[in-house]
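Visitor: Chains as they are written, first to last, in the working numbering: chain A, 1 to 370; chain B, 371 to 1349.
These aren't lab readings, by the way, just hints derived from the structure by calculation. From a predicted model like this one, the values you see are computed outputs, not experimental measurements. Ideal Cβ positions, reconstructed from N, Cα and C, are used throughout, including at glycine. Treat the hints with caution; some may be incorrect.
Here are the in silico distance ranges between beta carbons for each label pair [unchecked claim]:
hint : chain 1 : residue 1 : chain 2 : residue 2 : range
1    : B       : Glu463    : A       : Lys29     : 40 to 50 angstroms
2    : B       : Thr794    : A       : Lys37     : 42 to 52 angstroms
3    : B       : Val420    : A       : Asp172    : 52 to 62 angstroms
4    : A       : Glu303    : B       : Val420    : 47 to 57 angstroms
5    : A       : Pro46     : B       : Val420    : 54 to 64 angstroms
6    : A       : Pro256    : B       : Leu1240   : 31 to 41 angstroms
7    : A       : Asp172    : B       : Gln451    : 35 to 45 angstroms
8    : A       : Lys37     : B       : Asn796    : 53 to 63 angstroms
9    : B       : Leu1233   : A       : Gln99     : 54 to 64 angstroms
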Amino acid sequence: MMASSYNAKEEDGHHSGASGPGGAAAKSKKPDNTAFKQQRLPAWQPILTAGTVLPAFFVIGLIFIPIGIGLYVTSNNIKEFEIDYTGIDMSSPCFNCSQNFSWNSTKPCKCSLPFSLDQPFESNVFVYYGLSNFYQNHRRYVKSRDDSQLNGDLFSLTHPSKECEPYRSGSDNKPIAPCGAIANSMFNDTLELYYIDPNETRTLIPLVKKGIAWWTDKHVKFRNPGGNNSNLTASFQGNSKPVNWNKPVYELDADPENNGFINEDFIVWMRTAALPTFRKLYRIIQRKNNMTPTLPRGNYTLEVTYNYPVRSFEGRKRMILSTISWMGGKNPFLGIAYITVGSVCFFLGVVLLIIHHKYGNRSNNSDIPN
Amino acid sequence: MLNNSGARYKRSKLERKLNADVLYCVLLLFSMCLIGALGHAIWLQTFSNVPLYMVPDSEGRFIPPTLAGFYMFFTMIILLQVLIPISLYVSIELVKMGQVFFITQDIDLYHEETGTRIQCQALNITEDLGQIQHVFSDKTGTLTENKMVFRRCSIMRTEYSHSENAIRLAVLGETDASEDEVTLFQQQQRRKRRQPSLFAEDPGEAAGHCHNAQADVASYQSSKVAAGAHSELAFSSPLETEVVPDRKLLQVVLEADRLMEEGSLDQGPNQGLERSLYLDFFLALAICNTVVVSTATAQRQRVKERRNSYAPQTFWGHLRGFLKKMGSPWSASKFVAGKQEPLADPFAADEEPPDISDTPSIYTTTPEGGNSKTQSEVTNQAQRQRPDPGPASPEDVCYESQSPDESALIHAARAYGFTLLERTPNRVTVLLPHGTLLSYEVLDILTFDSTRKRMSVLVRHPHTDEIILFTKGADSAVMEILEDPAGGATGIEDRLQENVPETIEALREAGMQVWVLTGDKTETAVNIAYACKLLDHRDLVFTLNTDNKALCKSILENTLEEVTRYGPDPAFRGLGEGFRGQAAGDLGGDPTIGLVIDGRTLSLVLEEEDLRSKFVELCRHCRSVLCCRVTPLQKSTVVKLVRDKLRVMTLAIGDGANDVNMIQAADVGIGIFGQEGMQAVMASDFAISRFKHLRRLLLVHGHWCYSRLSNMVIYFFYKNLAYVALLFWYQFFCGFSGTAMIDYWLMIFFNLFFTSVPPIMHGIMDQDASKTTLLSFPELYKIGQHSEGYRRSAFWIAMLDALYQSLVCFFIPYLTYQGSDIDIFSFGNPMNTVSLFTIILHLAIEINAWTVVHWVTMLGSVLLYFAVTLAFSAICVTCNPPSNPYWIMQQQMADPMFYLVCLITVVVALLPKYTLQVLRGTLAPPPLLFARQLERQPPSREEQIRIDVSQAPPDPRFTLSDLSSPPPSPIQTLPPRKL
């Protein structure tokens, strides 16, 4: 009896003794011999020397120069015409309008500027208004809007965001729609173009006012409260118009597709410009047919209903006519930049080639120190 | 544990420098904000009326321009605060975690025998490993194994050389070295050979075992021996337990023992005394120690089993330790002194007094009040038989000793049949060769301490009731107090660890000064210094050893004068020279200087400020410095002195409690898992198992960590400025009103997600040179030493580059979109995008080795950017006013101009950096690039070059240059084409 129990004990001891080292072996602390853990992952080790990067420089040069030329030519083919109608000069037809200004003047001030185009504008012509020295990117200005309200949110319609202060509620204590400084300062000049044909008859050039805003803005981001087909007058019943406006938002346009928050002029204005000198798309002159140019060369008159004051900030107002290409408006910069950079790269490539021939071999053999 | 003062908070050198640069960033931020504030105030003042776009506050008033400018200052701080690289600190921590992970995962820093990896206790000073300039090393247990091997002894002027034992060790070593495989003994054989003290005296048989050992190689080869049993068998490694007795001595001892048992020891007065002294010698070995005997009859079986299963592994492990150690002709001796006998002066040259923490080693037996002649009686016959019913059988005893030399000695005694069977607080039992059991009553034990430098055991002889004092101690300590010279001495060898000379040489080639600080006495220390190539025979070695302060001063001055005649200040040897002119500097010209200073002199030197400066000045000229007989406190004082006076990065490495001070004083403390407990390991920043690991740890991991981290830090500064400056440039076009043209979520994401992973990955994984390159060109380490990776100039160049790039990233889109109908966030979107590409590609230029991980993180970041931005632009119809990003990215990506702008901007932004990098790589390749170019040269090409250079037919043995010796790394061997 004694013996057996002793044996059992012995067995026990033996067991633990044997399993001890076995267990230790199983959870050995030896690190895994894997490429990752041993930092032996196959690696590509580029060495930047003249010889190895030469092709890169030539390739950049060879790609950039044609691109640059293409851009430059494209830009040069764009026809652009610009006219300043601010009326700073005494001689300017708009001088008078620029002097007496009131947001709420009942009688609009009109002025007309004659101009002539030297070249015909062939394809669709985009009419822009341009403002200078207008800091639409001022921090407090930029945030002075309520996107929810503009998206048709009914709560925001009656409770505009605090960001809209102090253009949040009107003098009648009704919430303003659209609220905020951006909407409040909306550009409100009206521009009309007349073609003066050789026998002095004025022809009004039809300006298309739809399709000037981003599609997504017009259809997704901006919505009238209660849906775009509702009665806007009723929807904006409880709201006050922005202080500087002379008509409420639901009277921006007669076309219900272009009224209220989804008025494209309004949408365009609400996309605040990045730089203090900017242009905004105003209208499009659509090409009639392939036979006649959209705007033939000749004399024109710009009729301005002068509402928008820019004197306070020494701003300028311009009207711009421009054809457009795949690269947008006229800007020779990028083309020149591409040509320049391409040339520089090509030149560097040549320099490196010389260096490579003079020193490249040295660095590979004879320079080995000993 | 008491010595462990808890986790220390160390700031690495790099981080200290980095903090200064963060300050520059703060200054830069403030000046930007100031410009913004002033600009805003001035801009406001230009208007005579309130402009249309000015938004009054909620009460409809406008604040005056000066106040507006004042407010703008804070608005700007909020806008530009990214410039302060808070994310940098987080990233640094992450990177260091990754670095530590890879260090601990390095299989070459894994010690197979003990199953220990490197331990990184300090997580925040990895890059300091790459900047070490001074290495302070302990000797015992650090350079050496601290596994004592009984090599010889001398009793009464007769030296017993134990040549068979030496042969045994030599054979084992050879086997190991020649095969580089594992030699294992059967436990059976070991057991047999543990008993030969009595029955297997035949030297032929012993030699036969050795032969067998070689024959067994085939059946026991293994390189994957599981480890783990080390602690269980502390100090009982085969090296210590296996002692082949000296034949002559064994005969004498057995004879003496036999005579004693027969009671005839007293016959010849002289001879009897001599014989009894032989017995005393071994009794002293067996008794005079603090070894704990672990054995119990009931557990006998179990113990046996366990030992059987453990021993081969452990044994193999210790055998590996022999690698290349047999070549070092160094041995230390320990003395055993008997009172009445004249001094035998056996190995004056190679005696080894212990490190202060070591156990003492001279023995005296001092019979008090009795005559030593009659100290033994024959015990009764019953006890002569195997003492099975007694405390234990000799085969079962296991010794657990405090220090390895105690263990070596007790196993030596056992080999001669003097087996310590039992130790209780008041009794020790010894089994004599012929089976006699002697049970001494222990009256007192005077344990070892560093002032007395010896230990004594006071016992009462069981039969004669004599009171005997056995003393062992350091030779100096024991010699001093003995009126008569000692009669017995033991020679114990402590081997050099494997690859120590190579490691020291590599560290030195890497520009590090290696100092050895030891508690040992001068002769021993000098011997080991030569053995481990710390000192070279061509070296000019100065020895400072004096008690006199004035003398010390004059010696110091004279030496300094003499030393300064040799060569220029070594500290000014630049990297370039170090790399190219290695041969000229170190091999050809002036002799290098070594300095040996002993503890007493050192304490004199340390007393006075003037002397300290002179000493440091002198040390600066020395290639190696050896401090002997120093106390732990002195060790740390020396480290601090050098660290503070020379302003160098110091590393201290040690294994014992006596090194704790030094380890804590140094910038980087390294502990070695040794035979002396865990104090050093606990106090250290990194703990390794072998000294040779230091080489890989510093030259490879240190270099990597440093270059990775310094690159990453500079990159972070660059990145933050490059991005923030974009916003700053925009202020000039928005009336300094604090507008951001980039959606602020995207701004946050930009730093947090889009551009954070690649630099962190770069900081963890980049390799500016491969392991093999770094090991074969130790000179590359100097990059870190001279802090060349992270210089103030590099910081400013990066900042200028960032400014340039931000200008490009801002103004090319600006000029492109100028005057057009673009809106703010459509204007910012290409800028954000080109910044992302520029910043990512800037890193791509910096990356030295592209692995899968690099590709994944780089491409992943770009894809993530587009995915997030597109998703955000698509989903966010009314959210996040005012910077509503709705459909902006989609709109831009449908516009070819966007791509054209991105393309040219990125090219122009990176052109200068890229070109400069190329020119540098071509015209003046830095050593690192050079080494890499050399490394990747195809063999055929090199063959070609060789012909060009040498104008001689290619000779495979001819090395192209003697930049470095081939790496002695056992694991990774260089391809033959390399140097």
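Visitor: Decide, hint by hint, whether the structure agrees.
Guide: Tested hints:
1. Glu463/B - Lys29/A: 40 to 50 angstroms: violated, 25 angstroms
2. Thr794/B - Lys37/A: 42 to 52 angstroms: holds, 50 angstroms
3. Val420/B - Asp172/A: 52 to 62 angstroms: Since Val420/B and Asp172/A have Cβ atoms about 24 angstroms apart, the given range 52 to 62 angstroms is violated.
4. Glu303/A - Val420/B: 47 to 57 angstroms: violated, 30 angstroms
5. Pro46/A - Val420/B: 54 to 64 angstroms: 58 angstroms Cβ-Cβ, so the 54 to 64 angstroms window holds.
6. Pro256/A - Leu1240/B: 31 to 41 angstroms: holds, 33 angstroms
7. Asp172/A - Gln451/B: 35 to 45 angstroms: Holds, since Asp172/A and Gln451/B (Cβ atoms, about 43 angstroms apart) stay within the stated range.
8. Lys37/A - Asn796/B: 53 to 63 angstroms: At roughly 55 angstroms between Cβ atoms, Asn796/B and Lys37/A fall inside 53 to 63 angstroms, so the hint holds.
9. Leu1233/B - Gln99/A: 54 to 64 angstroms: holds, 58 angstroms
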